[in-house]
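There are 2 protein chains.
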Amino acid sequence: MKIGVYGLGRFGVFWAQQLSRLGSVYGYSRTLKTGLPTCISVTGFDGLFECDVLVLCVAISAMEEAVRQIAPRLRAGMLVMDTCSVKVHPVQTMIKHLPEDISIIATHPMFGPDSGRNGVQGLPLVFSPVRCGDSIAAEWKTMFTRTLGLKLIEMTPEEHDREAAVTQGITHFIGRVLKEMDLKPSTIGTLGYSKLLEIIEQTCNDPYQLFMDLQRYNPFTEDMRARLINAMHHQLDQVGIKKTW
Amino acid sequence: MKIGVYGLGRFGVFWAQQLSRLGSVYGYSRTLKTGLPTCISVTGFDGLFECDVLVLCVAISAMEEAVRQIAPRLRAGMLVMDTCSVKVHPVQTMIKHLPEDISIIATHPMFGPDSGRNGVQGLPLVFSPVRCGDSIAAEWKTMFTRTLGLKLIEMTPEEHDREAAVTQGITHFIGRVLKEMDLKPSTIGTLGYSKLLEIIEQTCNDPYQLFMDLQRYNPFTEDMRARLINAMHHQLDQVGIKKTW
Numbered sequence: 001m002k003i004g005v006y007g008l009g010r011f012g013v014f015w016a017q018q019l020s021r022l023g024s025v026y027g028y029s030r031t032l033k034t035g036l037p038t039c040i041s042v043t044g045f046d047g048l049f050e051c052d053v054l055v056l057c058v059a060i061s062a063m064e065e066a067v068r069q070i071a072p073r074l075r076a077g078m079l080v081m082d083t084c085s086v087k088v089h090p091v092q093t094m095i096k097h098l099p100e101d102i103s104i105i106a107t108h109p110m111f112g113p114d115s116g117r118n119g120v121q122g123l124p125l126v127f128s129p130v131r132c133g134d135s136i137a138a139e140w141k142t143m144f145t146r147t148l149g150l151k152l153i154e155m156t157p158e159e160h161d162r163e164a165a166v167t168q169g170i171t172h173f174i175g176r177v178l179k180e181m182d183l184k185p186s187t188i189g190t191l192g193y194s195k196l197l198e199i200i201e202q203t204c205n206d207p208y209q210l211f212m213d214l215q216r217y218n219p220f221t222e223d224m225r226a227r228l229i230n231a232m233h234h235q236l237d238q239v240g241i242k243k244t245w
Numbered sequence: 001m002k003i004g005v006y007g008l009g010r011f012g013v014f015w016a017q018q019l020s021r022l023g024s025v026y027g028y029s030r031t032l033k034t035g036l037p038t039c040i041s042v043t044g045f046d047g048l049f050e051c052d053v054l055v056l057c058v059a060i061s062a063m064e065e066a067v068r069q070i071a072p073r074l075r076a077g078m079l080v081m082d083t084c085s086v087k088v089h090p091v092q093t094m095i096k097h098l099p100e101d102i103s104i105i106a107t108h109p110m111f112g113p114d115s116g117r118n119g120v121q122g123l124p125l126v127f128s129p130v131r132c133g134d135s136i137a138a139e140w141k142t143m144f145t146r147t148l149g150l151k152l153i154e155m156t157p158e159e160h161d162r163e164a165a166v167t168q169g170i171t172h173f174i175g176r177v178l179k180e181m182d183l184k185p186s187t188i189g190t191l192g193y194s195k196l197l198e199i200i201e202q203t204c205n206d207p208y209q210l211f212m213d214l215q216r217y218n219p220f221t222e223d224m225r226a227r228l229i230n231a232m233h234h235q236l237d238q239v240g241i242k243k244t245w
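Chains as they are written, first to last, in this note's numbering: chain A, 1 to 245; chain B, 1 to 245.
Extracted from the complex, chain A is given alone in its bound form:
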């Protein structure tokens, strides 16, 4: 099987390496990349369309442009898979722009180069067959679970976004806020404080664009942010603290 990977950012390179256990991987990036792992064969844009499956590893906010760009070049029967950290928006975009003879599976690997540093065994991947035959979906489920050892979670794009607004949305939001505060390790740091520092590490190695896209393109994060700010003000009120900002 020939697997095309569109987008060789930090996550794209990581995911291409994992996918190389399932087939030959051809990677394309709009900017020249060097120092890539040897399991990724660099290809031009044209090379993507000689593959059986095309995996999109572009920023959420770049999805519409990428989908419009590949749509006229895809061959009938090809499978397109996205990997975005939100699901409603990319799925709507793919359904709208990709020809009907193209299969679509939406995925969200709930990990990355940091959390998957020691292997992806047992890590969760959200899987949503949007438009494809049962046999194709079954084949990919088997590859993800048996070959890569992932924990497959089937849910609808809306279910995903509703839950990810809390799990991912709030974690990245707090990670960015803490990073801006420039917290340092301390000799008197408690165990809880060291976990706070680990959250910064787990979220702020990702591109800032991902953080912004998570907040902007997941419609459920607005409610999450409102709940966070309300809880914060409520705690201040409870303690009876004068607000001086």
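Derived lysine-lysine pairs resembling BS3-like cross-links, with alpha carbons at most 27 Å apart:
#1 Lys-179(A) with Lys-179(B)
#2 Lys-2(B) with Lys-141(B)
#3 Lys-184(A) with Lys-151(B)
#4 Lys-184(A) with Lys-179(B)
#5 Lys-179(A) with Lys-184(B)
#6 Lys-2(A) with Lys-141(A)
#7 Lys-96(A) with Lys-2(A)
#8 Lys-151(A) with Lys-184(B)
#9 Lys-33(B) with Lys-2(B)
#10 Lys-151(A) with Lys-2(A)
Computed from the model, here is a short list of chain A residues facing chain B with C-beta under 8 Å:
#11 Val-126
#12 Ala-164
#13 Gln-168
#14 Ser-186
#15 Lys-195
Computed from the model, here is a short list of chain B residues facing chain A with C-beta under 7 Å:
#16 Thr-167
#17 Glu-180
#18 Lys-195
Simulated from the structure, these hints should not be mistaken for lab results. C-beta atoms are modelled at their ideal positions from N, C-alpha and C, and glycine is treated no differently.
Please build the complex by placing chain B on the supplied structure of chain A, with the hints as guidance.
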């Protein structure tokens, strides 16, 4: 050595158990306690003053009352040690109210029943000899490091409060805010999200009074809270999100 422990709350019982490795522990609580570990001999208020050292394990906000209450009963040469999570306020209180023939050492064990669940070996204890002879300070340093295996950190009360406003103050503040949001474990939780949940566990098993006292009695937490709220609003501005609360 006879060690009196005043206050048998969740932390007091935990700390009394550790101290029982250094001498006989006599515990006093204003409310009747049952089911205590056998290494703690329950005593009445009077029993505290037959001890060589009196360790205060009361809430920060209860320190002044406790210190005023014990002051007239202490015998010359006794040592009083506090364990509060802030240091400037309790130290000022002890210096003000305790007779001059009473030795004073301020301590802050930077751990508790949760983080010390598997033993206290290597955990940090802030140690500040406020008013005592060198030999008494040296004796307690040895007991804390050699016998209990703690990592001793000597700093002034002000240095402690300045640093703890960030390490403890912000961790507890975020822990309480997250707890109010009622976050649940999720099948699609990332590693970062699980650390967020662990922060709730590490902070919200402590009494709510501790959280309030940390915010109210550490003068440096006000600046910390202002920085936190400013960083949050700045991140919202960066993302260009409309504030709807």
